[in-house]
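Asks: Sequence:
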Amino acid sequence: MSTTTAELARMFPVTLRSVVRLIGVEMDKSGTELRLPQYGVLDFLLTNSKAVQTDLANHFAKDKSVMLRQLDEMERSGWIERQMDPDDRRRKNLVVTKAGVEIHRKVSRMRARVFANVLEGVDEKDIATCLRVLSCMNEKANSGDTQ
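What the sequence shown shows, in my numbering, is residues 1 to 147, in sequence order.
I should point out that these hints are in silico values taken from the structure, not numbers from a laboratory.
What you are looking at is a predicted structure, and each value in this text was computed from that prediction instead of being measured.
Take the hints with a grain of salt, since some may be wrong.
Calculated lysine-lysine pairs in the BS3-like style (CA-CA distance at most 30 Å, straight line) [unchecked claim]:
{"hint": "1", "residue 1": "62", "residue 2": "98"}
{"hint": "2", "residue 1": "98", "residue 2": "29"}
{"hint": "3", "residue 1": "50", "residue 2": "64"}
Construct the complete structure from the given sequences, taking the supplied hints into account.
Replies: Next comes the structure, spelled out in structure tokens:
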């Protein structure tokens, strides 16, 4: 492993935690009841229609019972609802409600402000390079081929 790769391996999780912490601070300051993991669930559901609990558990690598508790809480808060699949009555699709869409938009604006602040002064070319690197890393990580 090169020195640069080793430094990236060290800095990436540190930076990720720092940015996630800043987003959480913004959410707390705004008084939103949504927590960051719930935001991730809404984000996933808004881009994956007809998702079910198992899809979320697999995507977030969480135990199904943990996911169930989180979804129950989100349903009680009015951000999601479970709807019977018209093609398979055994299946309950998870659907984001209007309230869920609104709170997702609100937190997305907070997230955008945090990123604008932490990227202030960074050259657009560097940001584009970072995006390409992150895309490659994500593709490789999701392919299961990390060798």
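Asks: Indicate, hint by hint, whether the structure satisfies it.
Replies: Hints, one by one, checked against the model:
| no. | hint | result |
| --- | --- | --- |
| 1 | 62 with 98 | holds (26 Å) |
| 2 | 98 with 29 | holds (23 Å) |
| 3 | 50 with 64 | holds (17 Å) |
In terms of the numbered hints stated before, the structure departs from none.
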